[in-house]
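Number of protein chains: 2
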Amino acid sequence: MTYCVGLKLNAGLVLLSDTRTNAGLDNIACYRKMFFFENPAERVIAIMTAGSLSVTQTTLARLDEAIENELADETTSILKAPTMLQVATIIGDTLSRTRREIADQCRDLRQQASASMIVAGQRAGGDMRMFLIYPEGNFIEATEDTPFLQIGEHKYGKPILDRVVTPATSLADAQKAVLLSMDSTLRSNLSVGMPLDLAVIEKDACAVSARRRILEGDSDFMDMSAAWSAALRDSFVKVSI
Amino acid sequence: MTYCVGLKLNAGLVLLSDTRTNAGLDNIACYRKMFFFENPAERVIAIMTAGSLSVTQTTLARLDEAIENELADETTSILKAPTMLQVATIIGDTLSRTRREIADQCRDLRQQASASMIVAGQRAGGDMRMFLIYPEGNFIEATEDTPFLQIGEHKYGKPILDRVVTPATSLADAQKAVLLSMDSTLRSNLSVGMPLDLAVIEKDACAVSARRRILEGDSDFMDMSAAWSAALRDSFVKVSI
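From first to last, the protein sequence lines stand for chains V and C.
So the first sequence is residues 8 to 248, counted in the numbering used here.
So the second sequence is residues 8 to 248, counted in the numbering used here.
Source of the hints: derived by calculation from the structure; they are not laboratory data.
On a predicted model such as this, the values are computed, not experimentally measured, just so you know.
Please note that a few of the clues may not be correct.
To be verified - Derived contacts from chain C toward chain V, CB cut-off under 10 Å, selection only:
1. Ser195
2. Ala212
3. Ser216
4. Ser236
5. Ala238
6. Leu239
7. Arg240
8. Phe243
9. Val244
10. Ile248
Backbone N, C-alpha and C fix where the C-beta goes; we use that ideal spot for every residue, glycine too.
Using the sequences and the hints given, assemble the complete structure.
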């Protein structure tokens, strides 16, 4: 499985993904699940992926091919699409078509082949937007009421987001929130694993403002995780019933 | 859905279940999911249920019928079975048979009919034991390494249990831990709902030591929930990355 989470805040977008990919429990590998398509200062698009690696890789390769195609226009290239809505539509259509083709190929094996994506970004002159794209190609969008979207193993890390994230959350607090959400998930589910990819896209920058790969044993992350565990245990002692 | 959790500690057993039952989102009802079979001072057996209500109710009715049958013997009545292992086997066999029959009846509708159970208890002279019984009738048992078992919507409430519960946890702390685990689940998943049933079975009592129904709006539970939220937010502010 996978855990990816994206926050759309007044101050910008904060994205975090793990890298564990597995086929069964005895075939575990590390693959990046966060990708950027940038034309700095004009547009930035981030994609995070969950699900069948063959579906997500092929979808991304097709999005790349469409961008590089000399005949690409605003209906096929996500770097030429006039709005983030149109970007989400192109990605949704590409994902849906790829998923159907691979599911057809896998039919005899009775294997599932599905995938979902979080697409976040901004065009100069447009608003920041963030979408969760379903395997069928349709999508939902993050709003003021629900400023975060998750794909993959989303349940373990949801309570902390429900409690602390609002659109007014600062980018610093937002990074802490997604890392704590990931920490709970890593502790409770083996199918989500280090290293992690963390990215921040500040509002109106139309470029990736910061990105960081957090490796297994990263001392900052381990310190945060230990401090959070200690704080939770302290809180547990203090709360009475 | 459902959330039920049981802890097997050195000091005793602590059990908590919700009561929400739904068929789709527009048909929501309240049903007890925690049941006791007691012969005080000789044996106590607690069963918590998750899954299709028709499967769990019929399974429990058949266990009752077997107890009341004049011809009942130690292979059919859970109040006569000589060990908790044999109790779990009778319950597993009854659940498995009931589930198969109802699944056959539902086949034309392409509806799932499945259920799982947590069975916990003790016989005088035996050890406390706690089992998770799968829909197929097989089961696993709580151990020193993993002193808790969960059924239903288990993911939201697992991180807190992973962090604070060990076999040495006191019965008071254990009740707090399961209530906080439930609190996280209630906040993040609509299919789990109040009221709650909480029970404690002290070691070697061979009887239910305490049971309590926690109603919607219970002031102790609301205070604990609010204090926990506040403590989490305080901890969040203190932890740095």
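Hints violated by the structure (numbers, ascending): Result: hints 2, 3 break, sorted rising.
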